[in-house]
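K.L.:
Once you have looked at the hints, place chain L on chain D.
Number of protein chains: 2
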Amino acid sequence: MKKLLFLAFAAMMAVGASAQELANFGRGQQIVSPEIKGDSVTFRLNANYATVVNLYGNWMANYTDVVPLKKGANGIWEVTIAAPEPEIYTYNFIVDGVNVNDPVNYMVQRDGTRYLNMLFVPGERSANYNETAHRGTVSYKWYDSSILGSNRRLTVYTPYGYETSKKSYPVLYLLHGGGGDEEAWSSMGRAAQIMDNLIEQGKAVPMIVVMPNGNPGQQAANTMGLPVKNIDTRAPENANLYVKSLVNEIIPFIEKEYRAIPKKASRAISGLSMGGAHTFAATTLFPNTFDYILPLSAGTRESEQLDAQLQGIKKAGYKLYWIGCGTADFTYEGNQILDRALTRNGMEHTFFESTGGHEWKNWRLYLNTFAQLLFK
Amino acid sequence: MKKLLFLAFAAMMAVGASAQELANFGRGQQIVSPEIKGDSVTFRLNANYATVVNLYGNWMANYTDVVPLKKGANGIWEVTIAAPEPEIYTYNFIVDGVNVNDPVNYMVQRDGTRYLNMLFVPGERSANYNETAHRGTVSYKWYDSSILGSNRRLTVYTPYGYETSKKSYPVLYLLHGGGGDEEAWSSMGRAAQIMDNLIEQGKAVPMIVVMPNGNPGQQAANTMGLPVKNIDTRAPENANLYVKSLVNEIIPFIEKEYRAIPKKASRAISGLSMGGAHTFAATTLFPNTFDYILPLSAGTRESEQLDAQLQGIKKAGYKLYWIGCGTADFTYEGNQILDRALTRNGMEHTFFESTGGHEWKNWRLYLNTFAQLLFK
Numbered sequence: 003m004k005k006l007l008f009l010a011f012a013a014m015m016a017v018g019a020s021a022q023e024l025a026n027f028g029r030g031q032q033i034v035s036p037e038i039k040g041d042s043v044t045f046r047l048n049a050n051y052a053t054v055v056n057l058y059g060n061w062m063a064n065y066t067d068v069v070p071l072k073k074g075a076n077g078i079w080e081v082t083i084a085a086p087e088p089e090i091y092t093y094n095f096i097v098d099g100v101n102v103n104d105p106v107n108y109m110v111q112r113d114g115t116r117y118l119n120m121l122f123v124p125g126e127r128s129a130n131y132n133e134t135a136h137r138g139t140v141s142y143k144w145y146d147s148s149i150l151g152s153n154r155r156l157t158v159y160t161p162y163g164y165e166t167s168k169k170s171y172p173v174l175y176l177l178h179g180g181g182g183d184e185e186a187w188s189s190m191g192r193a194a195q196i197m198d199n200l201i202e203q204g205k206a207v208p209m210i211v212v213m214p215n216g217n218p219g220q221q222a223a224n225t226m227g228l229p230v231k232n233i234d235t236r237a238p239e240n241a242n243l244y245v246k247s248l249v250n251e252i253i254p255f256i257e258k259e260y261r262a263i264p265k266k267a268s269r270a271i272s273g274l275s276m277g278g279a280h281t282f283a284a285t286t287l288f289p290n291t292f293d294y295i296l297p298l299s300a301g302t303r304e305s306e307q308l309d310a311q312l313q314g315i316k317k318a319g320y321k322l323y324w325i326g327c328g329t330a331d332f333t334y335e336g337n338q339i340l341d342r343a344l345t346r347n348g349m350e351h352t353f354f355e356s357t358g359g360h361e362w363k364n365w366r367l368y369l370n371t372f373a374q375l376l377f378k
Numbered sequence: 003m004k005k006l007l008f009l010a011f012a013a014m015m016a017v018g019a020s021a022q023e024l025a026n027f028g029r030g031q032q033i034v035s036p037e038i039k040g041d042s043v044t045f046r047l048n049a050n051y052a053t054v055v056n057l058y059g060n061w062m063a064n065y066t067d068v069v070p071l072k073k074g075a076n077g078i079w080e081v082t083i084a085a086p087e088p089e090i091y092t093y094n095f096i097v098d099g100v101n102v103n104d105p106v107n108y109m110v111q112r113d114g115t116r117y118l119n120m121l122f123v124p125g126e127r128s129a130n131y132n133e134t135a136h137r138g139t140v141s142y143k144w145y146d147s148s149i150l151g152s153n154r155r156l157t158v159y160t161p162y163g164y165e166t167s168k169k170s171y172p173v174l175y176l177l178h179g180g181g182g183d184e185e186a187w188s189s190m191g192r193a194a195q196i197m198d199n200l201i202e203q204g205k206a207v208p209m210i211v212v213m214p215n216g217n218p219g220q221q222a223a224n225t226m227g228l229p230v231k232n233i234d235t236r237a238p239e240n241a242n243l244y245v246k247s248l249v250n251e252i253i254p255f256i257e258k259e260y261r262a263i264p265k266k267a268s269r270a271i272s273g274l275s276m277g278g279a280h281t282f283a284a285t286t287l288f289p290n291t292f293d294y295i296l297p298l299s300a301g302t303r304e305s306e307q308l309d310a311q312l313q314g315i316k317k318a319g320y321k322l323y324w325i326g327c328g329t330a331d332f333t334y335e336g337n338q339i340l341d342r343a344l345t346r347n348g349m350e351h352t353f354f355e356s357t358g359g360h361e362w363k364n365w366r367l368y369l370n371t372f373a374q375l376l377f378k
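Top to bottom, those sequences are chains D and L.
With my numbering, the residue at position 39 of the first sequence is 41, and numbering never jumps.
With my numbering, the residue at position 80 of the second sequence is 82, and numbering never jumps.
With the rest of the complex left out, here is chain D (with noise of 0.2 Å):
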């Protein structure tokens, strides 16, 4: 690997490339990683100075799990495993004990801070998580809040056909989990794809998607380098310091910037873990704001407040309530709970339940299903 990397500094020195070249390097053997044919898929490594490579994918049930791969006689270090059902996976190798990304594989998602590549395999599951003909715009933009004392960042989809149509459009918020961003329905949620996919078919009615940030302290996802204040995310006060910013700040904000409807039932709320906690608190504190309410792997807990909760809800009335979760997430149980409370209390409701645990697999199922039942 040194030597490699001496090699290709030289080759560098010698054309005079640049910094921006650099994104060539390690490419000089021509191999493929990951590679799918038919039902198996293979990955290598170009890596002759190693001792041990392993492969880590998230499909594998345990970290322990981990797949040798085998050295050639080129130096090429490769495995060829049965394809995991098709979806979004993320995987690296560990090269001697230590993490390292796919250098040829330059599909790469941002999950927090680390830096994973994707293996995406393709299937009907997963079909629209590819780029169709007709694409949105995903922007970024920044909004004041005086609730958070800061400018914040915020991501924005609008579908196909917005800057020059004069319509007007429904809105659906979309909140990310705990460690997740602004950025994290956009990068591993594949939010834009979907909702082209599914407006492109004729299966979702074209709508703006809004994908705030759910940390208060921050103004932006941490890689954009930007000072953090110190609020504790855990604190009910400061988790509704966050919703009341949402409804009072980004709502506003959102109608007065795009062609957004600005009623009742042009707004839907969803958002996984704790963005499903914060779908629980806004429309509970805020029960005329949302017509559909879709909490993902989140659930509740059993309280005192929440028939009163769930009824406020029913009173202010609403369209869709929809809950998603899978039978091996942690917050399963959470979410029996909710779905109880809410059969107890006479609200219509979904309780659509899939295979798996708390992970993107199922996050992008949902919005993959929920977003085809909004302002219908």
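Some clues are possibly wrong.
Identical copies carry no separate label here, and so any pair may be met within one copy or between two of them.
[Claimed, not checked] Result set (EDC-like, lysine to aspartate or glutamate): computed pairs, CA atoms no more than 20 Å apart in a straight line:
(1) Lys231 to Glu133
(2) Lys231 to Glu37
(3) Lys39 to Glu126
(4) Lys72 to Glu37
(5) Lys168 to Glu257
(6) Lys258 to Glu165
(7) Lys246 to Asp146
(8) Lys168 to Glu259
(9) Lys316 to Glu306
(10) Lys169 to Glu259
(11) Lys39 to Glu80
(12) Lys321 to Asp341
(13) Lys231 to Glu251
(14) Lys205 to Glu126
(15) Lys317 to Asp341
(16) Lys321 to Asp309
Worth flagging that the hints you see were computed from the coordinates, not collected in a lab.
P.N.:
Frame of chain D; chain L shown alone:
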């Protein structure tokens, strides 16, 4: 490292944490890296099991200038060096011969397919690379190119207040170099931060900045995983294919979708390296399109057509011809050729020379400098 991984994963499993919470991996020990104090900077890495840890930063003259870290009793490797002059740099660690990122540094830049940690040394020169109070919007949009036969992604910066003002704006078309893509200027180039600062300070007029993808075979950055056409980017006719798409497709698209002033006096074009060649080609092929012409680190060669090409621009008229190049840049001679050719053709122009070579440090400086001269 391996043991650390196991511990981190064990802890995760114990609390039932999700993939998204992997973000917190490796931060068990509260170490800070990089840490700037006065004129020095300290790098740290928690890698108890490593044998050799080196640091490479792009402020070092040669790759062989790597700096060794020393292991402390706590298993934390550390080195303190003199901070390079105020600017943004990239660095990585080399752990037992394998390149790895600094796991506690959130700030990362993508250079092609490489994700490199950033070192931001504050000072007068880098002050405009920070976020300021009034922040514009960065959008990723798609336009249809029949010339290149694909739907293609571009990045658009709109200044603070664009959405609610009724004004129309001039447009800077800002092109990347070889190995780059439509995200290069907004990521490594800090284009949004530089424009926000200059506009807020009243030093630049509010403008739209359009950053297209200059690789004709690509629909978008390779990280999006879209199919790539096999178009030889070195073949002159293909360079012109892109330039034709820029002038005949991108400009009309922008002037339809945005409140852009559709006039020569309100269009500027700049690009670095390959993007400088695109700037030269676009302005010689379409001399009636841009009043502001700013090739960076590109230059030209003496050729039979050179004088005729420049005379075409002179005849059409222009407001600013501005060349930027570092004296250590391998394209420096080509810039001197262009400088002399402009002089002998009686064309007013600026040759802005800096120290340094073919590097982002210079391209950020050039944008920060020339943006103050546009549309005035």
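K.L.:
Now tell me, hint by hint, if it's right for this structure.
P.N.:
Hints and how they fare:
1. Lys231 to Glu133: This pair counts as between: shortest inter-copy Cα distance 16 Å, intra-copy 37 Å.
2. Lys231 to Glu37: between (44 Å within a copy, 19 Å between copies)
3. Lys39 to Glu126: Within one copy, since 17 Å is at most 20 Å while 54 Å is not.
4. Lys72 to Glu37: Classified as within: same-chain Cα gap 16 Å, cross-chain 40 Å, threshold 20 Å.
5. Lys168 to Glu257: both (15 Å within a copy, 17 Å between copies)
6. Lys258 to Glu165: both (15 Å within a copy, 9 Å between copies)
7. Lys246 to Asp146: For Lys246 and Asp146, only the intra-copy Cα distance (13 Å) is at most 20 Å; the inter-copy one is 40 Å.
8. Lys168 to Glu259: both (14 Å within a copy, 12 Å between copies)
9. Lys316 to Glu306: Within one copy only: 17 Å inside a chain, 79 Å across chains, cut-off 20 Å.
10. Lys169 to Glu259: both (14 Å within a copy, 14 Å between copies)
11. Lys39 to Glu80: within (14 Å within a copy, 45 Å between copies)
12. Lys321 to Asp341: Only inside one copy: Lys321 and Asp341 sit 16 Å apart there, 67 Å across copies, limit 20 Å.
13. Lys231 to Glu251: The answer is within: 19 Å in one copy meets 20 Å, while 45 Å across copies does not.
14. Lys205 to Glu126: So Lys205 and Glu126 pass the 20 Å test inside one copy only (16 Å; across, 53 Å).
15. Lys317 to Asp341: Close inside one copy (18 Å), not across copies (74 Å); limit 20 Å.
16. Lys321 to Asp309: within (19 Å within a copy, 70 Å between copies)
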